[in-house]
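*Asks:* Chain residues, written in single-letter form:
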Amino acid sequence: AQTVTQSQPEMSVQEAETVTLSCTYDTSESDYYLFWYKQPPSRQMILVIRQEAYKQQNATENRFSVNFQKAAKSFSLKISDSQLGDAAMYFCAYLGAGNQFYFGTGTSLTVIP
Amino acid sequence: EAGVAQSPRYKIIEKRQSVAFWCNPISGHATLYWYQQILGQGPKLLIQFQNNGVVDDSQLPKDRFSAERLKGVDSTLKIQPAKLEDSAVYLCASSLGVGVTGNEQFFGPGTRLTVL
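Chains R and Z, in that order, are what the protein sequence lines are.
Each residue of the first sequence is one higher than the last, beginning at 21 in the numbering used here.
Each residue of the second sequence is one higher than the last, beginning at 46 in the numbering used here.
Looking at chain R on its own, in the form it has when it is part of the complex (with noise of 0.2 Å):
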C-alpha cells in the first residue's frame, strides 16, 4: 500500500508571512494524482489544490501554490500571504491505480494576528 508522510504535526506562521507545509509519498506507481485538503475546525474538508503526477508544471490556486518533485517524491504546499482563515488542519493525499485515497496524518496550521 502506498503511505503518505507528513513530517510536520504543527506549524505556525505570522499573518501575510508564507508557510510550506511538507509531504512525502512512497509508491511505484508512475501515474498518480496528489492532493492537500484543508479540514478547518468545523471539520469540513474542502479541497486545496491538485497536481497530476503526469504534469511537470507546479499547480497554482490563488495563494496557494505545490513544489511537486516527482523524483524525490516529495509535494510540499506553499501558502502565500497567509490570512487567519487559513487556520486549519491540512492534509496530502495521495490518488493511485487502485482509486484508493491514502490520507497523511495532517499538519495543524496556526496564523498568528
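Mixed in with the good hints, there may be bad ones.
[As the list claims (entries may be wrong)] With a straight-line Cα cutoff of 20 Å, these simulated DMTMM-like cross-link-like pairs (lysine to aspartate or glutamate) come out: (1) Z:Lys-89 with R:Asp-46; (2) Z:Lys-89 with Z:Glu-149; (3) Z:Lys-60 with Z:Glu-130; (4) Z:Lys-89 with Z:Asp-108; (5) Z:Lys-60 with Z:Glu-149; (6) R:Lys-75 with Z:Glu-149.
Think of the hints as simulated: they come from the structure by calculation, not from any bench.
Since the structure is predicted, the reported quantities are computational estimates derived from the model, not experimental observations.
Once you have looked at the hints, place chain Z on chain R.
*Replies:* Chain Z only, in chain R's frame:
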C-alpha cells in the same frame, strides 16, 4: 449546489450498542466513500461505492461494520456492536467518478461518534 449531507452530527453510545450513520451525496455523484478519522490521524477509507456496487471494502471490519447504498444514492454505515476503539469521526464523501476532475472528493461535515 447542495453539499454532502450527513446525520446525525454527534452520537454517544455505550459499548456493545448499535449505531447507524446516514449520508446523502451530491446529486449526480456516482462514487461514495466512507472514512473513519480517529483523533490526530488522517481519514482512513472504510468502503467505496460506485453507484450501488462496492468497489473497495478491504479496510472495513466486516465482523461489526456494514454499509449499503440503496439505489445508488443515499448510504448508511452501521456498527454492531460498537467498541471503545470505534470512537472517531465518520466522514462521507462523494465524487463524480468520471472526467478530468471526476476524482475530486467533496466531504460532508462528519458524524462524531463517542463510545463509552
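*Asks:* Work down the list of hints and note, for each, if the structure agrees.
*Replies:* Here's how the hints hold up against the structure:
no., hint, verdict
1, Z:Lys-89 with R:Asp-46, "holds (17 Å)"
2, Z:Lys-89 with Z:Glu-149, "holds (17 Å)"
3, Z:Lys-60 with Z:Glu-130, "holds (10 Å)"
4, Z:Lys-89 with Z:Asp-108, "holds (18 Å)"
5, Z:Lys-60 with Z:Glu-149, "violated (35 Å)"
6, R:Lys-75 with Z:Glu-149, "holds (17 Å)"
Violated hint for the displayed structure: number 5, the only one.
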